[in-house]
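Protein chains: 2
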Amino acid sequence: MCELLGMSANVPTDICFSFSGLMPRGGRTGPHKDGWGIAFYEGKGCRTFHDPAPAADSELARLLQRLPIKSRNVISHIRQATHGQVSLENTHPFLRELWGRSWAFAHNGKLPGVKKWPLGFYRPIGTTDSEHAFCWLLDAIRRRFPRPPARRATLWRFILEHVQELNKLGTFNMLMSDGRELFAFCSTHLSWISRRAPFGEAKLVDADMTVDFAELTTPDDVVTVVATRPLTSNEVWTTIPPGSMVVLDRGEVYGLEPGQRGVRRWT
Amino acid sequence: MCELLGMSANVPTDICFSFSGLMPRGGRTGPHKDGWGIAFYEGKGCRTFHDPAPAADSELARLLQRLPIKSRNVISHIRQATHGQVSLENTHPFLRELWGRSWAFAHNGKLPGVKKWPLGFYRPIGTTDSEHAFCWLLDAIRRRFPRPPARRATLWRFILEHVQELNKLGTFNMLMSDGRELFAFCSTHLSWISRRAPFGEAKLVDADMTVDFAELTTPDDVVTVVATRPLTSNEVWTTIPPGSMVVLDRGEVYGLEPGQRGVRRWT
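Protein chains in written order, with my numbering: chain A, 17 to 283; chain B, 17 to 283.
Worth flagging that the hints you see were computed from the coordinates, not collected in a lab.
The reader is advised that the hints may include incorrect statements.
Each pair may be met inside one copy or between any two copies, as identical chains are not told apart.
Claimed, not checked - The list that follows gives simulated cross-link-like pairs (lysine-lysine, DSS-like), each with its CA atoms no further than 30 angstroms apart: (1) LYS132 <-> LYS86; (2) LYS184 <-> LYS49; (3) LYS219 <-> LYS184; (4) LYS49 <-> LYS86; (5) LYS184 <-> LYS86; (6) LYS60 <-> LYS132; (7) LYS132 <-> LYS219; (8) LYS60 <-> LYS219; (9) LYS219 <-> LYS131; (10) LYS219 <-> LYS49.
Remember, predicted model here, so these are calculated numbers, not experimental data.
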């Protein structure tokens, strides 16, 4: 299994604090020693860092914990290999272009049998079930929507239906983004927290580190973090119900539950 | 204009020395202050670093000058913006997947009018003429070869013919790789050097730095570096004739000239 971390914000925000909470789980406080990766969106651009070495020992990961790269959408992943060897090409997040946008994807879980699902345009570069699932999902989106649909909820519902199909194969906790929205599907474990004024102090579970967000933010900032397990010990995180998906957009949290039409705002 | 740097080697090799020679040109000894990027292949995997800030001042670039990431194929680029604003999505190298492989592409020059050329599957994320040309080229390869052709020279010749078409629009110095071969097309300026036993000392033009490759290599190593302008002052670099392309494969240099069949080895 692996651990996921995502962030969505209404202003470019650095993820140094949450990233510092995740990295020790990559071989020190957690067993996820088989590589790590992170994707930062800046406008339509996306910069990624991938390392097949344990996050807890990585010089690059240390640099990123203090380099304040400001982004409105971030996806990160630390890996404990279950399917596919430990190598750079098997390190999440995976990236592909669709509609002239960068799509980033990270997955926690197992999808036995997914590699038999036929692919069209997108092909995996590595050997993970995760990347195969991502290619299948993007293929489906591309086939159905040669251009982005006019109503965003149309795309959200389509994605939800297809990730639920994938989830039937096994375990499929997922983060995916095109740089605007961040899709977070919970199969077993995924929680979120929204921070906004009045900001308070937060204390990491996995490192001896506390931050006072009031010092780092302005009153209008909205920052939502989503993670496999809560990263802080003194805040209340909301668990996403298994089988459902939230969509983060500029820090706000929206839901689409099966059988319902329209969008529901959770924050 | 911009500067290009590529490396091909028969064993995983770090590019710290050559990269240290290129980075000062990104705003200190050269005017290319509008961002930089680098792609390192490790097997089928590719890790990239992109920064829209000047290379000469970049903390990330400084880390990469001392972090010995070992790779057999590297493409790097420092940018002086001529077309498209300074932003992350306009920072080379650009990446796309074709045939389940990562293709990386960097360009130096201008291609007036290329944005009118129709695109099929691949779409630019940023606004540069370079990324448009890359999408057009990969579209052409994909359409002609749904699967990789059996003979490598068939692909090489197809690529050469198409980059010559692009070159007619303006200036098109290019580095492109799929992680196996590195294609280097010279429109105006591109030179290469192959290093092999007996290895000697090399001295950078742009930084006060000398390296004795004999201390860092084994007798079987073959390492070829290709760059817009020679990076060292005490070695002989070979200029690629304008309008032609060399293909680097495991450090060896091959040529394909128009009108001739087959492959010619230069090293």
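Regarding LYS184 and LYS86, is the shortest C-alpha distance of 30 angstroms or less found within a copy, between copies, in both, or in neither? neither (36 angstroms within a copy, 40 angstroms between copies)
Homomeric proximity label, LYS184 with LYS49: Cα distance no greater than 30 angstroms: Answer is within: at 27 angstroms inside a copy they meet the 30 angstroms cutoff, but 50 angstroms across does not.
Is the C-alpha distance from LYS132 to LYS86 at most 30 angstroms within one copy, between copies, in both cases, or in neither? Classified as neither; 39 angstroms inside a copy, 34 angstroms across copies.
My question is about LYS132 and LYS219: at a cut-off of 30 angstroms on alpha-carbon distance, are they close within one copy, between copies, both, or neither? The answer is neither: 44 angstroms in one copy and 53 angstroms across copies each exceed 30 angstroms.
Homo-oligomer pair classification [LYS131, LYS219; C-alpha up to 30 angstroms]: neither (41 angstroms within a copy, 50 angstroms between copies)
How do LYS219 and LYS184 come out at 30 angstroms by Cα distance, when the copy is not named: within, between, both, or neither? neither (36 angstroms within a copy, 60 angstroms between copies)
Evaluate LYS49 and LYS86 at a C-alpha cut-off of 30 angstroms and name the case that applies: within, between, both or neither. This pair counts as both: shortest intra-copy Cα distance 26 angstroms, inter-copy 20 angstroms.
For LYS60 vs LYS132, is the C-alpha pair at or below 30 angstroms within one copy, between two copies, both, or neither? between (33 angstroms within a copy, 21 angstroms between copies)
Measure nothing new, just compare the shortest in-copy and cross-copy C-alpha distances for LYS219 and LYS49 to 30 angstroms and report within, between, both or neither. Within one copy only: 23 angstroms inside, 39 angstroms across.
30 angstroms Cα cut-off: does LYS60 pair with LYS219 within a copy, between copies, both or neither? neither (32 angstroms within a copy, 39 angstroms between copies)
Hint check: violations occur at hints 1, 3, 5, 7, 8, 9; the rest are consistent with the structure.
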